[in-house]
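Chain by chain, the residues:
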Amino acid sequence: MNRHTIAVAALAVAAGLAASLPAGAQDAKTHPEPAGFEAAAKTSWSKVKPDEWKTRLDTDETQQLCNLYRNNPPPDIARKIMEMNRATVVYPADGQVIGDWKKGQALANNGRGGQFSDEPNTVNGGNCYACHQLDPKEVSFGTLGPSLTGYGKARDFSPEAAKEAYAKIYNAQAAFACTNMPRFGATRFLSEQQMKDAVALLFSRDSPVNK
Amino acid sequence: MPINGRIAGWTAAALMSLFVAMGAEAQDGASSEAEIQRYREMISDPMSNPGFLAVDRGEALWSTKRGTKNATLETCDLGEGPGKLDGAYARLPRFFADAGKVMDVEQRLLWCMTTIQGLDTADVIKRRFSRPGVESDMEDLTAYIANKSSGMKFEPQLGKPEEKAMYALGEAMFYRRSGVLDFSCATCHGEAGLRIRTTNLPDFSKPNKSAQESIGSWPTYRVSQTALRTMQHRLWDCFRQQRLPSVDYGSDMVTALQVYLVAVAKDGELQVPSIKR
Numbered sequence: 021m022n023r024h025t026i027a028v029a030a031l032a033v034a035a036g037l038a039a040s041l042p043a044g045a046q047d048a049k050t051h052p053e054p055a056g057f058e059a060a061a062k063t064s065w066s067k068v069k070p071d072e073w074k075t076r077l078d079t080d081e082t083q084q085l086c087n088l089y090r091n092n093p094p095p096d097i098a099r100k101i102m103e104m105n106r107a108t109v110v111y112p113a114d115g116q117v118i119g120d121w122k123k124g125q126a127l128a129n130n131g132r133g134g135q136f137s138d139e140p141n142t143v144n145g146g147n148c149y150a151c152h153q154l155d156p157k158e159v160s161f162g163t164l165g166p167s168l169t170g171y172g173k174a175r176d177f178s179p180e181a182a183k184e185a186y187a188k189i190y191n192a193q194a195a196f197a198c199t200n201m202p203r204f205g206a207t208r209f210l211s212e213q214q215m216k217d218a219v220a221l222l223f224s225r226d227s228p229v230n231k
Numbered sequence: 088m089p090i091n092g093r094i095a096g097w098t099a100a101a102l103m104s105l106f107v108a109m110g111a112e113a114q115d116g117a118s119s120e121a122e123i124q125r126y127r128e129m130i131s132d133p134m135s136n137p138g139f140l141a142v143d144r145g146e147a148l149w150s151t152k153r154g155t156k157n158a159t160l161e162t163c164d165l166g167e168g169p170g171k172l173d174g175a176y177a178r179l180p181r182f183f184a185d186a187g188k189v190m191d192v193e194q195r196l197l198w199c200m201t202t203i204q205g206l207d208t209a210d211v212i213k214r215r216f217s218r219p220g221v222e223s224d225m226e227d228l229t230a231y232i233a234n235k236s237s238g239m240k241f242e243p244q245l246g247k248p249e250e251k252a253m254y255a256l257g258e259a260m261f262y263r264r265s266g267v268l269d270f271s272c273a274t275c276h277g278e279a280g281l282r283i284r285t286t287n288l289p290d291f292s293k294p295n296k297s298a299q300e301s302i303g304s305w306p307t308y309r310v311s312q313t314a315l316r317t318m319q320h321r322l323w324d325c326f327r328q329q330r331l332p333s334v335d336y337g338s339d340m341v342t343a344l345q346v347y348l349v350a351v352a353k354d355g356e357l358q359v360p361s362i363k364r
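Protein chains in written order, with the working numbering: chain A, 21 to 231; chain B, 88 to 364.
This is chain A alone, in the form it adopts within the complex (with noise of 0.2 Å):
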């Protein structure tokens, strides 16, 4: 993936500058899935039910785009995807979007859920640290999205910031088009309280991620 294009991509729709883009970004290449891909899945896949057929190997339309031009979209492609996204944040009812850290430290160690080996009622992790650096102590983290540690910090503890990385734990997508970075809230994946507990563990002051 080209994270640099789709980095540049995101800001200039941000700020509204996409008509600027150099020509070259228009023409992204896509790579439709080959003849008899669906075929093979099917033969691959014999004893899934529809409904798990439906919510684990059908794609929506965020995944058809993202996979189509391989997660580096055109301007207008990432516009698309990033106001689609947008447009499933819910935010919570009495506007706090502020938990319990320590809860949120549990659920960022808490790698379960989603897999066909879980117990049907496990409840889901947020498994943050597979690829996010967070509390300096924990030694044990993955590389995959950048260093969150001491992220609220950083911000000055800034309310509105603390909304964005709801938003951000919400649906990543939201904000950046094709990350790596799962969209928790938007498939029902992480409860809304869940959420709020990651953005404590980013924003509490005695959170050991800003200590």
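Hints were generated in silico from the structure; no laboratory data involved.
Among the hints, erroneous ones may be present.
Said to hold, decoys possible - Computed footprint of chain A on chain B, listed as stretches where at least three residues anywhere in the stretch have a Cβ under 8 Å from a Cβ of chain A:
#1 230 to 239
#2 337 to 344
To be verified - Below 20 Å or equal to it, Euclidean Cα-Cα: the simulated DMTMM-like pairs (lysine to aspartate or glutamate) are:
#3 B:K188 x A:D78
#4 B:K251 x A:E53
#5 A:K67 x B:E167
#6 A:K49 x B:E278
#7 A:K62 x B:D335
#8 A:K62 x B:E278
#9 A:K62 x B:D324
#10 B:K251 x A:E58
#11 A:K49 x B:D324
#12 A:K67 x B:D335
#13 A:K62 x B:E258
#14 A:K69 x B:D335
Here a beta-carbon is modelled for each residue, glycine too, at the ideal position from N, C-alpha and C.
Assemble the complex: chain A is given as a structure, and chain B must be docked to it using the hints.
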């Protein structure tokens, strides 16, 4: 090279405690270069690798008469001609005219069991992944056959139209995001030098050394599972991490992915069975 079972069993226990010790040290943030070096020496010593027990069992199975035809697998053609095993694994998956399709080693073995031995493969497939007290014919046979290509380089077979079509399918699957977390293989294996928690992720997005070393290390003896595992198991487990449903054993999508993976591992050298966490 038959190996004394008791020695290898003891080694498995010793390796397990070594891995546990290494994990504990990594958590202390003081991962010891000497421990890692000791581990490297152990994995490159066939006498300490319990994966060779699977090779031995596979060798015996290969020449065991079974099925309604009471035949052995010794006339099975894995692409190099009937019974020719040297280098066969390094050139799989490939197109087989008799079956009319591209097959990986495990699909081909099932085909030989059915056509040559008249074996009802339902039980074999039920035991596809070994567990304590239950051996897997497929793991053992694959270990034996792959070992006959150890030290050789992968030669991806992409000349025939059917092989090109399977490559295209595999590549599309590699990049296809779906499911509740929007993951594709490329989410975790699409760039060089990334980690999930402390686990280094090989990059399969283009030909490179991490892909060569990684694909060239399968089948492998997995200490954490005390079992020899094949690529069928690895991909089944990665689909699980991708939050996809359980993929059928020996299905075409798994073969297509292997065609793609072997192509990015081109010229990589097989060192199998290896041993790893």
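Taking 20 Å as the top limit, are the C-alpha atoms of K69 of chain A and D335 of chain B close enough? holds (13 Å)
Mind taking a look at whether chain A covers the stretch 230 to 239 of chain B? Criterion is 3 or more residues with CB to CB distance under 8 Å. Not satisfied, violated; 0 residues make the cut.
Hinted pair K62 of chain A and E278 of chain B, Cα distance within 20 Å: Not satisfied, since the Cα-Cα distance of roughly 29 Å exceeds 20 Å.
Is it true that the CA of K62 of chain A sits at most 20 Å from the CA of E258 of chain B? The hint holds at about 17 Å.
Does K62 of chain A pair with D335 of chain B here, judged by a C-alpha cut-off of 20 Å? Distance of about 10 Å is within 20 Å: holds.
Given the hint that K188 of chain B pairs with D78 of chain A, does the C-alpha gap stay at or below 20 Å? violated (26 Å)
Check whether the Cα positions of K49 of chain A and E278 of chain B lie no farther apart than 20 Å. holds (19 Å)
Holds or violated: K251 of chain B to E58 of chain A, with C-alpha atoms at most 20 Å apart: holds (17 Å)
Check whether three or more residues of the stretch 337 to 344 of chain B sit with their beta carbon closer than 8 Å to a beta carbon of chain A. holds (count 5)
Are the Cα positions of K67 of chain A and E167 of chain B separated by 20 Å at most? violated (34 Å)
Holds or violated: K62 of chain A to D324 of chain B, with C-alpha atoms at most 20 Å apart: holds (19 Å)
Between the alpha carbons of K67 of chain A and D335 of chain B, is the straight-line distance 20 Å or under? Holds: K67 of chain A and D335 of chain B sit about 8 Å apart, inside 20 Å.
Of the numbered hints given earlier, the model fails hints 1, 3, 5, 8 and 11; all others are met.
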